[in-house]
Amino acid sequence: MDDYLQGVEFLAFTPHVIWILLILAGLLTVSALVSGSETAFFSLSPGEVRELEESDTKQSEAAVRLLEDKDRLLSTVLITNNLVNIGAILAANALIDGLVVFGQATVLEFIVKVIVVTFLLLLFGEIMPKIFAAYNTLSFTRRMAVPLLSLQRLFRPLSTLLIRAGGSITNALARKQANLSVSELTDAIEIAEADSDDDKKMLTGIVRFERTEVDQIMKPRIDVVALDREATFAEVRETVVRSGFSRIPVYEENLDDIKGVLYVKDLLPHLGEGDEFGWQQLLRPAYFVPEHKKINDLLEDFQKRKIHIAVVVDEYGGTLGVVSLEDILEEIVGEIADESDIEAATYERIDDHRYWFEGRTHLGDFLRVLELPDTFLDSVRGDADTLAGLMLEIRGEFFGEGDEAAFEHLKFKALRVENRRITKVEVMLLDPEDPDISSSDDGGN
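Take any residue in the sequence shown, note its place counting from 1, add 513, and you have its number in my numbering.
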């Protein structure tokens, strides 16, 4: 033991040492408060957050402002804590040097300056304040809100730089992880023993959800029920009854000039009005979205705006169709049928090898019905979103009734054509082992 203490000499207290001790105590106090703040702010329950929002005190308002940008709040806490801890380590080192001369006792010097100082810093600056804050989240949050808001303003340039640098790295890693996760989840669903086919379809829909774009699920322009802004009130009532829809777009001159959306519930107080009634005053603003918007982002928009329908437009501002909240939900849970759905089913199974489809059937629905992979048609679908569009992409020219086209082990036959538009299709499942299939893959009759 004497060998470890050889050359150790204790020095007397001086005013300089006392000042260093006071500085160290102050830095440890700041470290404890900031560390506790991190636990308090990020442990608030929804009820406590609501209590802060409903309070009109200066402390609560500051806390709400901090919680509006949690990334910046966290970066401010970490910057402050690291700076204070570095200062505390330097102050502790200076204090020890001012009180003790270790001489040849290098092992003891290491133990005191590294292990003991680290232990004390963690105990008083991290562990104890975080435990206390975890049990007093609301009071700790209020006490530290104003000081943290001032620190956030002070360190704003540095925190902005760190957020952007960290965000770019995090986003790159997140995209890579997301791609891996989607692939892994798809494979897992295929081999999993789901309770039913419906369960497996729902899980597959959830996995596919974030990759699906609006134009893949929208109701195309040609199927959109809309009202002319110059229509009489009698025509409006007739269209509402005939369509069964609760929200109808309203246009001026043509569908490329949507002026708003008529909510049928807004008509209820005015059902007794005459044809001269100015129903146009009831229009609500239309929400326009680009065709390639992801439906998970659109769902968030619907939730924030508290709306159920959007108009899908192309890059030139032309109307491509409409998409509703029901269309989005059907991507997960499958077809939702209710008393307002008056249209016939989009497909009918004839036997094990033949189906009848509506030409307007979306390709995503078509693939799900036949239980084919999402990527099965990627090489031939081009810009097509519907089964009729796919047939045109395969054949490269318009169809007459009875004309056929084929791809892989599927044969498509146009059963009904109206004004060059394929409205009904027969799909035949051929034997993949049949050598004649390859000769029909060119899309000919």
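The reader is advised that the hints may include incorrect statements.
What the hints assert, rightly or not - Computed cross-link-like contacts, BS3-like style, restricted to lysine-lysine with a CA-CA straight-line distance of at most 27 angstroms:
| hint | residue 1 | residue 2 |
| --- | --- | --- |
| 1 | Lys-643 | Lys-732 |
| 2 | Lys-571 | Lys-583 |
| 3 | Lys-806 | Lys-819 |
| 4 | Lys-778 | Lys-817 |
| 5 | Lys-924 | Lys-732 |
| 6 | Lys-937 | Lys-924 |
| 7 | Lys-732 | Lys-772 |
| 8 | Lys-807 | Lys-583 |
| 9 | Lys-571 | Lys-643 |
| 10 | Lys-732 | Lys-817 |
| 11 | Lys-937 | Lys-732 |
| 12 | Lys-778 | Lys-732 |
| 13 | Lys-583 | Lys-778 |
| 14 | Lys-807 | Lys-819 |
| 15 | Lys-807 | Lys-772 |
| 16 | Lys-806 | Lys-732 |
| 17 | Lys-643 | Lys-626 |
| 18 | Lys-571 | Lys-626 |
| 19 | Lys-806 | Lys-772 |
| 20 | Lys-626 | Lys-583 |
| 21 | Lys-817 | Lys-806 |
It is worth saying that the hints were derived from the structure and are not from the lab.
Hint-by-hint comparison with the structure:
Taking the CA atoms of Lys-643 and Lys-732, the gap is near 54 angstroms; set against the 27 angstroms cutoff, the hint is violated. For the hint pairing Lys-571 with Lys-583, the CA-to-CA distance comes to about 19 angstroms; that is within 27 angstroms, so the pair holds. Between Lys-806 and Lys-819, the direct Cα distance comes to roughly 18 angstroms. Compliance with the 27 angstroms bound is thereby established for this hinted pair. A C-alpha spacing of about 21 angstroms is found between Lys-778 and Lys-817, which places the hinted pair at or below 27 angstroms, so the restraint holds.
A distance of roughly 25 angstroms separates the Cα atoms of Lys-924 and Lys-732; the hinted pair therefore holds under the 27 angstroms criterion. A threshold of 27 angstroms between alpha carbons decides the hint, and for Lys-937 with Lys-924 the separation of about 14 angstroms falls inside it, so the pair holds. The suggested pairing of Lys-732 with Lys-772 holds, with an alpha-carbon distance near 18 angstroms, which does not exceed 27 angstroms. At roughly 25 angstroms between alpha-carbon atoms, Lys-807 and Lys-583 fall within 27 angstroms of each other, so this suggested pair holds.
Proximity of Lys-571 to Lys-643 is assessed by CA-CA distance (about 24 angstroms); at most 27 angstroms being required, the pair is judged to hold. Taken as a hint, the Lys-732 and Lys-817 pair is honoured in the structure, with Cα atoms around 22 angstroms apart against an allowance of 27 angstroms. Only pairs whose Cα atoms come within 27 angstroms are accepted, and Lys-937 paired with Lys-732 is accepted, the gap being roughly 17 angstroms. For the hint pairing Lys-778 with Lys-732, the CA-to-CA distance comes to about 22 angstroms; that is within 27 angstroms, so the pair holds.
For a cut-off of 27 angstroms, the pair hint linking Lys-583 to Lys-778 is broken: about 40 angstroms separates their Cα positions. For the proposed pair Lys-807 and Lys-819, the alpha carbon gap of about 18 angstroms is at most 27 angstroms, so the pair holds. For the hint pairing Lys-807 with Lys-772, the CA-to-CA distance comes to about 24 angstroms; that is within 27 angstroms, so the pair holds. Between Lys-806 and Lys-732, the direct Cα distance comes to roughly 15 angstroms. Compliance with the 27 angstroms bound is thereby established for this hinted pair.
Taken as a hint, the Lys-643 and Lys-626 pair is honoured in the structure, with Cα atoms around 24 angstroms apart against an allowance of 27 angstroms. At most 27 angstroms may separate the alpha-carbon atoms for a hinted pair to count; Lys-571 and Lys-626 exceed this at roughly 42 angstroms. For the hint pairing Lys-806 with Lys-772, the CA-to-CA distance comes to about 21 angstroms; that is within 27 angstroms, so the pair holds. Our distance criterion of 27 angstroms between C-alpha atoms is broken by Lys-626 and Lys-583, whose separation comes to about 35 angstroms.
Restraint check for Lys-817 and Lys-806: the C-alpha separation of about 16 angstroms stays at or below 27 angstroms, so the hint holds.
The structure fails to meet hints 1, 13, 18 and 20 from the earlier list, while all remaining hints are met.
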